[in-house]
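Participant: Next come the chains, spelled out residue by residue.
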Amino acid sequence: MTDSKIKIESLYKIFGPKPKAVLPLVLEGISKQDLLENHGHVLGLKDINIDIPSREISVIMGLSGSGKSTLIRHINRLIEPTDGRILVDGEDVLGMDKAALQNFRRHKASMVFQKFGLLVHRTVAENVAYGLTIQSVPVEEARERCQKWINRVGLSGFEGHYPSQLSGGMQQRVGLARALATDAEILLMDEAFSALDPLIRNDMQGILLELQEELHKTIVFITHDLDEALRIGDRIAILRDGAVIQQGKPQEIVMRPADDYIFDFIKDINRGRVIEVKTIMTAGEKVKGPDLNHNVLLEEALQIVSDSETREGNVVSDEGEVIGSINLAKIVQALSRPNVEVGEETRYR
Amino acid sequence: MDFDQFPSMGREDLRDFKKGIDSGFRDFSREFGEAIELFFEPLLWFLVWLEQLLQATPWPIIIIVVGALAWLGSRSIKIVVGSVLSFFAIGYFGMWEDTMSTLAIISISTLVCISLGIPTGIMMARSDRAQKIVTPILDIMQTIPAFVYLIPVVMLLGIGKVPGLIAVCIYAMPPVVRLTNLGIRLVEKEALEAADAFGASSTQRLFGVQIPLALPNIFAGVNQTIMMALSMVVIASMIGVAGLGVPVLRSISNQYLALGLMNGLAIVVLAIIFDRVSQEYGARLQKHRQGTQHD
Chain A
838 MTDSKIKIES
848 LYKIFGPKPK
858 AVLPLVLEGI
868 SKQDLLENHG
878 HVLGLKDINI
888 DIPSREISVI
898 MGLSGSGKST
908 LIRHINRLIE
918 PTDGRILVDG
928 EDVLGMDKAA
938 LQNFRRHKAS
948 MVFQKFGLLV
958 HRTVAENVAY
968 GLTIQSVPVE
978 EARERCQKWI
988 NRVGLSGFEG
998 HYPSQLSGGM
1008 QQRVGLARAL
1018 ATDAEILLMD
1028 EAFSALDPLI
1038 RNDMQGILLE
1048 LQEELHKTIV
1058 FITHDLDEAL
1068 RIGDRIAILR
1078 DGAVIQQGKP
1088 QEIVMRPADD
1098 YIFDFIKDIN
1108 RGRVIEVKTI
1118 MTAGEKVKGP
1128 DLNHNVLLEE
1138 ALQIVSDSET
1148 REGNVVSDEG
1158 EVIGSINLAK
1168 IVQALSRPNV
1178 EVGEETRYR
Chain B
72 MDFDQFPSMG
82 REDLRDFKKG
92 IDSGFRDFSR
102 EFGEAIELFF
112 EPLLWFLVWL
122 EQLLQATPWP
132 IIIIVVGALA
142 WLGSRSIKIV
152 VGSVLSFFAI
162 GYFGMWEDTM
172 STLAIISIST
182 LVCISLGIPT
192 GIMMARSDRA
202 QKIVTPILDI
212 MQTIPAFVYL
222 IPVVMLLGIG
232 KVPGLIAVCI
242 YAMPPVVRLT
252 NLGIRLVEKE
262 ALEAADAFGA
272 SSTQRLFGVQ
282 IPLALPNIFA
292 GVNQTIMMAL
302 SMVVIASMIG
312 VAGLGVPVLR
322 SISNQYLALG
332 LMNGLAIVVL
342 AIIFDRVSQE
352 YGARLQKHRQ
362 GTQHD
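From first to last, the protein sequence lines stand for chains A and B.
For any residue, its number in my numbering is found by taking its place in the first sequence, counting from 1, and adding 837.
For any residue, its number in my numbering is found by taking its place in the second sequence, counting from 1, and adding 71.
It should be emphasised that the hints constitute simulated quantities derived from the structure, not laboratory data.
Note that the structure is a prediction, hence the values are computed from the model and not measured.
The beta-carbon is built from N, C-alpha and C at its ideal position, and this holds for glycine as well.
Certain hints may be false.
[What the hints assert, rightly or not] Below, computed lysine to any residue pairings styled on SDA-like, alpha-carbon distance capped at 20 Å:
hint : chain 1 : residue 1 : chain 2 : residue 2
1    : A       : K883      : A       : A858
2    : A       : K842      : A       : Q972
3    : A       : K883      : A       : D840
4    : A       : K935      : B       : V258
5    : A       : K952      : B       : V137
6    : A       : K1086     : A       : N1130
7    : B       : K260      : A       : G932
8    : A       : K1104     : A       : S906
9    : B       : K149      : B       : V137
10   : B       : K260      : B       : S273
11   : A       : K935      : B       : T274
12   : A       : K935      : B       : V137
13   : B       : K358      : A       : H998
14   : A       : K952      : B       : S178
15   : A       : K844      : A       : V957
16   : A       : K1115     : A       : Q1140
17   : A       : K952      : B       : L124
18   : A       : K842      : A       : L900
19   : B       : K260      : A       : I916
20   : A       : K857      : A       : G921
21   : B       : K260      : A       : Q1140
22   : B       : K260      : A       : K1086
23   : B       : K260      : A       : I971
24   : B       : K358      : A       : S1004
25   : B       : K260      : A       : I909
26   : B       : K358      : A       : K945
27   : A       : K945      : B       : V137
28   : A       : K1115     : A       : D1097
29   : B       : K260      : A       : G921
30   : A       : K935      : B       : R256
31   : A       : K869      : A       : N886
32   : B       : K358      : A       : G997
33   : A       : K952      : B       : R256
[As the list claims (entries may be wrong)] Ranges between beta-carbon positions, derived for each pair:
hint : chain 1 : residue 1 : chain 2 : residue 2 : range
34   : B       : I132      : A       : D1020     : 54 to 60 Å
35   : B       : I208      : A       : D871      : 41 to 47 Å
36   : B       : R197      : A       : P975      : 48 to 54 Å
37   : A       : S1145     : B       : L263      : 55 to 61 Å
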């Protein structure tokens, strides 16, 4: 947790003819609307500070227009910021010259795109090898290294096909394999699964989680879909109007939304898949009933506890020590009538 | 004020004005004509060499080559048979030599147009300023009557093959330039962004992504350029280019209907062969675009 791979510090992006000139106004806190109407500039990102931990999936969530796609493009500098710093492994990306940046993009961070960004004149195998071709890796070696990833994402047998012959889900597998093939430590995923239909999206999320368990890459994942964010994110940052309004673990966001905006988001999600038993347990005495690890999700706990005779269970730590208890009534309450603290006050649905 | 007559420049002034330009250009051509002629020498040499080669080669070999090229380009028996039969007809009606001359000048001018036009198109696609400068020049090249630019060309280089070639190229080059520019500009933003994100250099971007994806459009441009070059054959023959245009010109001044028609149709036949073969080739190039077999 403490070692952050990517550190974004007070990042600003202003779109318009003279961004630098209006930056002081933005730093003074001019409103987005005022800036647009009186100065003709659009505020893209405002004072973004995010630490992205190494070897985890960090999700940046926001609706369209929130600046999330702009933000991810700053990390590999497809977009130049107006002000701020971006440190990757302590090195300032913004200070890199052309060659260093090219090197960074080739070896350190690869990217998966919403609309796939495949090269239609190249076959699946050639697309997957694209990153290696750019690095001038010998053809034979590139083919070997890519075959592994082609197999890994389930595209064996399609090496000679062209992208237009594949379905959307399969095209994005090509995109994913292409990004993995460069062995970059950082994987930037810009709404990678948003263009896919729900079942395929679910599949792809599964593939990503499975790969991550083995590869432990630092993944920055952009999405507008909260369910997706909660499913795959180790950490979530929520972006609105170009500013981060809350960041934390999925549970923290579900249990303690920072404001009404986020509350609106989370009120319809399946809480059983996010909240862990330790969050709602009563600390103290051991009760009669099955043991549950403290990280078990309510959905699973509900099953176990309702199957037990006493309708109760013990919450145990990773070391097997009992740290609290939980009963059926508590689980049901947490699932159905959440007491959610919005900012300071507690709110009932 | 009298509005019946436009207040034009006085007759004398106008005459001096034109005279000034004319003598200025004449001086220029006296000064540099020879140097310019020397500059085009290799082109002339190449053109003469190709023409002689085509005329000296036994006709069966030419027909076999035509058939083979048609097959390589189109992979269609129909087009191959059509091309071969057309060449037999051309030979049978006594137009073989003129056709060879025309083929030579068309080939060379197409080569010149491509080798100048594609780089120009690429330059236009990469810089908006270049596009702003080149577009009006292309407009002029396409719309100014051929006879008008023939005057300075002939003044500079006299009558002959090279001025003819230049005239053909001025008229035929714009499509390949325009379509190269358009094709590169139409390449999807996503593909370019992906290339950037993987750290492609601008050369890798150009040759690995932009040109291959623009190829169908570039090819349409080449096809148009060939067609327009063919349509210039008659005008080129006015300034001394041998080929099918010469008999057409003769038949205009002498009212030989049959002669004009035959040679005109020979030009049409060449155009159709070029067009079909290159169209089919272009279509094959972009086969990957259509989702033919969706597994």
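Participant: Sort out whether V957 (chain A) lies within 20 Å of K844 (chain A), counting only the CA atoms.
Facilitator: violated (35 Å)
Participant: Is 55 to 61 Å a correct range for the gap between the Cβ atoms of S1145 (chain A) and L263 (chain B)?
Facilitator: holds (59 Å)
Participant: Given the hinted pair K260 (chain B) and Q1140 (chain A), is their Cα-Cα distance within 20 Å?
Facilitator: violated (49 Å)
Participant: Honestly, do I132 (chain B) and D1020 (chain A) meet the 54 to 60 Å range at C-beta?
Facilitator: Once the Cβ atoms are compared, 56 Å apart, the range 54 to 60 Å for D1020 (chain A) and I132 (chain B) holds.
Participant: For the pair we were handed, K1115 (chain A) and Q1140 (chain A), check the Cα-Cα distance against 20 Å.
Facilitator: holds (16 Å)
Participant: Keeping to a limit of 20 Å between CA atoms, is the pair of K149 (chain B) and V137 (chain B) held or broken?
Facilitator: holds (14 Å)
Participant: Is the straight-line distance between the alpha-carbon of K935 (chain A) and that of R256 (chain B) 20 Å or less?
Facilitator: Violated, because 24 Å separates the two Cα atoms, which is more than 20 Å.
Participant: Please verify whether K358 (chain B) and K945 (chain A) have alpha carbons no more than 20 Å apart.
Facilitator: Not OK: K358 (chain B) and K945 (chain A) at ~35 Å, beyond 20 Å, violated.
Participant: With a cut-off of 20 Å on the C-alpha distance, tell me whether K260 (chain B) and S273 (chain B) pass.
Facilitator: holds (15 Å)
Participant: Take the C-alpha atoms of K1104 (chain A) and S906 (chain A), compute the straight-line distance between them, and say whether it is at most 20 Å.
Facilitator: violated (25 Å)
Participant: Is the hinted pair K842 (chain A) and Q972 (chain A) satisfied, with a Cα-Cα distance of at most 20 Å?
Facilitator: violated (24 Å)
Participant: Between K935 (chain A) and V137 (chain B), is the straight-line Cα distance small enough, at 20 Å or below?
Facilitator: violated (50 Å)
Violated hints for the displayed structure, listed by number in ascending order: 2, 3, 4, 5, 7, 8, 12, 14, 15, 17, 18, 21, 22, 26, 27, 28, 29, 30 and 36.
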